[in-house]
Amino acid sequence: MIRLLRVLTPWIILLILASAANAQNLIPLPEFTDHEIRETENPSARAAWREHLDLAALAVGLVLASYFALVKRSRRGLYLLAIASLIWLGFWRQGCVCPIGSIQNVVLALADPEYALPIGVVVLFALPLVFALFVGRTFCAGVCPLGALQELVAVRPIQVPVWLDQTLGLLAYVYLGAAVLFAAMGTAADPIFVICRYDPFVGFFRFGGSANMLLVGGCFLVVGLFVGRPYCRYLCPYGVLLGLLSKLSKWHVRIPPQECVQCRLCEDACPYGAIREPTVNQTAEERVRGRRRLARLIVLLPVLVGVGAWLGHGTGASLSRLDPVVRLADRILLEETGRAEGTSDASDAFRNTGRPIEELYREAFDKTRRFGVAGAWLGAWVGLVIGGKLIYLSVRRRREDYQPDRSNCVACGRCFWYCPNEQARLGLIKGLTPADTAP
Amino acid sequence: MKTRMPVRPTDLVIGVAILLAVVVATVALLRPGTFNDRAPAAPEESSAAAAEQQIDPALICYEQAREIPVAMRKLRALAVGPDNRIYVGGDQVIHVLDSSGAKQSEITLDAPPRCLAVGPADHAFPGRLYVGMDDHVEVYGADGLREATWDALGEQALLTCIALAEEDVFVADAGNRIVLRHDPSGKLKNRIGAPDERRHIPGFAITSAYFDLAVCPDRLLRVVNPRALRIEAYAFDGDLELYWGKPSAKPDGFFGCCNPVHVAVFPDGRFVTAEKGIPRVKIYSPEGEFKCVVAGPDQLAVGSEDVIADMAIDGRGQVLVLAARAGGLQVFRPKQTGNGAKP
Amino acid sequence: MADQHAQKIDRRRFVGNGVRLAGAVGLGGAAGLLAAQRGGPERDVWQIDPDVCIACTNCETHCVLDESAVKAVQCFLMCGYCDVCTGYFPTADFELNTAAENHLCPTGALKRRFIEARAGVRYFEYTIEESECIGCGKCVKGCALMNGSLYLQVRHDRCVNCNECAIAVACPSQAFRRVPASEPNLLKKTARDLMAKRAQDA
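Protein chains in written order, with my numbering: chain F, 1 to 439; chain W, 1 to 343; chain P, 1 to 202.
By construction, these hints were calculated from the structure, which means they are not laboratory data.
In silico BS3-like links for lysine-lysine, alpha-carbon gap of 27 Å or less:
1. F:250 - P:8
2. F:247 - F:72
3. P:111 - W:250
4. F:250 - F:72
5. F:250 - F:389
6. F:389 - F:247
7. F:72 - F:430
8. F:247 - P:8
9. W:291 - W:246
10. P:188 - P:111
11. W:335 - W:291
12. W:246 - P:111
Full structure from sequences and hints, please.
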């Protein structure tokens, strides 16, 4: 304890000194005979037009991606676009023209009236979603730098078993829920943007960052060599929104240029497991069984939501660990009760403000309580997502052809090449017109 | 339907690679420091700098004898007169205490006093009380009755210290950055310390209401040039004889913007200084050589929002320190015990 | 049968178009409403409130950039032009000259220039050479003992304006906040007061 005091005293003295200097009068400017007092030179912020340029680039990228995917059916075009976007939005703009992260800004703006949401961010958030509503996830195909990076490294993709693919796919929903929760619990001054904090690739775009995060990013890329786009498929929260809207899309990428001949050549073409086979007709017995199961699942849904909410409520305390106020209060409590040695910069800074500790405790307690409520919502959301997924998988849809799954397909255009009709369209199979292959 | 394929070595490699990557990523995510935790910062070398500002207990040659409470809201001035009577000025009053600290009488003033001086035995009027107000000096007899009010020294004037010799009353005017030499009746004899290149007098650099002086046994006037962090010695006629003082956070120097804020002199010529910023009271030899510390931040009842309002020494070699808001004064006496530095 | 099938497809297409239209209008409308209600036309950028900053050195180490976007800044109006600058010199053991061993700044980015001597006091001007500054805040901490004219600021020619600033997350005193891009720098209150007083006097 004495040793501790000895370590601390200089700090205490420094604090006293600093506050003493503030309390006393300023040393006034000397009356110079012929020296002019200089102005502080401050560089100005990035010009607004450059921000507009980024948004324009995003819009052009979306149009081009849609054109390459749906009209030109050019995998090469999409590939080049991906490289271009990786250079512009990735390495040049350092991954921060990012619709994925903009989810949090939008949520924060809804949650905290103090936060002024720049209109540029609104556009950033909404533009790819509107595109998805009409042409599917073309944003993912060649505009998103995170997608582009993973697209480029997916050199030896393996097929992930469907059950695993679907299960891991739920993670993205959970992540979206968590990101929304934390964004809503943060404040304008102290936002908690987990998507940005846990962005595995931004370190590469900047050629630097925390060593651990670079390691995580590296692991994502290693996995990405064999499992196509692991972040997009299993984590990306924006991909969830895009996928949902893409289901409704008016136009969408097709595997064959016109008619499907059901040649099964494209069956394994998709590295992202997004190609759905034609369905086989059910027997009457199967249909009845399917309906029963659906009914059971629909009954199960509220139970899952309820259980999720109950479990989620219990996670409030651990969720609140990410909140700066709660962490500060925790630290102060540890110090006050003698369970932590010394003080941290944060606790020193807090004590220096002269704010009563009780007030901080109250605020932190209130925050933790709100995190409990938020945790319940998150749990309910997870329950809903699991139940919804089960129901979705149990609803039978009729498919006559090989089709991309509209919510999972990222319009990368890899499957085009596998289609004999496409080969014919490109004139690569001589003496054959698309009409010849028509069934 | 697809047929089950035998496991190929490449599949195995891929599987192992994926597994490894997942494990590594998980470990990296869970490692502390991944997300810039607001972890307690390790104390670094600047604490060494702060340590330099601490005072080595071996340098402290005084100890607190007692505290004398004074019932005033804001304390401003302190002086010790004949019989070790203590005069404390503040608010709009001067309390006269006997040597034990018991209040004997009080003198009510029209305005808050800024500084005090009591005629010593060798002064023309022993026991006479000179009170510096903002811009003029008021003179009180030993009986506490006002004898005279000297002329105001102008709008700029801000009196911060009065020092007495046999036939001289020196008044430090921080506002006009000058020392005025009067005779006991208030007649101006001469001005000391105005910038004068011919006499190599630089002038006083003063930035706040701290400008102190003392008459020394060598019949030189010691004046603080606060912004220059030094003590200048002037002959009574205004010639600059010598100066000393060096800037340092260590006890041997003066630290901060403008120090020392108060000075006093022992009969043997040793010099006592009081500083703000790092509140500390120290003793120097007549030549300006650092001797020892009377009291440092840990000994003084000067809070972070407070400063030493005044400092004085009494006939018993004790040092009295008055903090503006501490509600009283501290009396320090030379250490009796063998350890520690000798004053 | 074929007719029915075609009808079904027509109906489906109609419903689908309706949903998409509603979706697009809804999304656009919601975004517009959000922008109108909560939105600012202006972008905002990160900045340090110098009155809250404690110069803890996190700015040097936590920026996503290798060379931090945070640099020390000199507010000349607040500077005392001290001979013995506690931001320039260590508080102990130094000679009053610009030799490297007397620098508190680890990179020598704080420059000292003699201005004039009056009343026994020598006055020096201290400027930051930004290309050499690493944003460690040592001078800021030192200067806080005096006038506190040196303080840390996010330099917008370097800052990439992350959505969640890594230094802000690591800032122990929550000194980071977002400010409008048109007014991207912050002054200490003392400096603001001084400027107001100057303007009034002028």
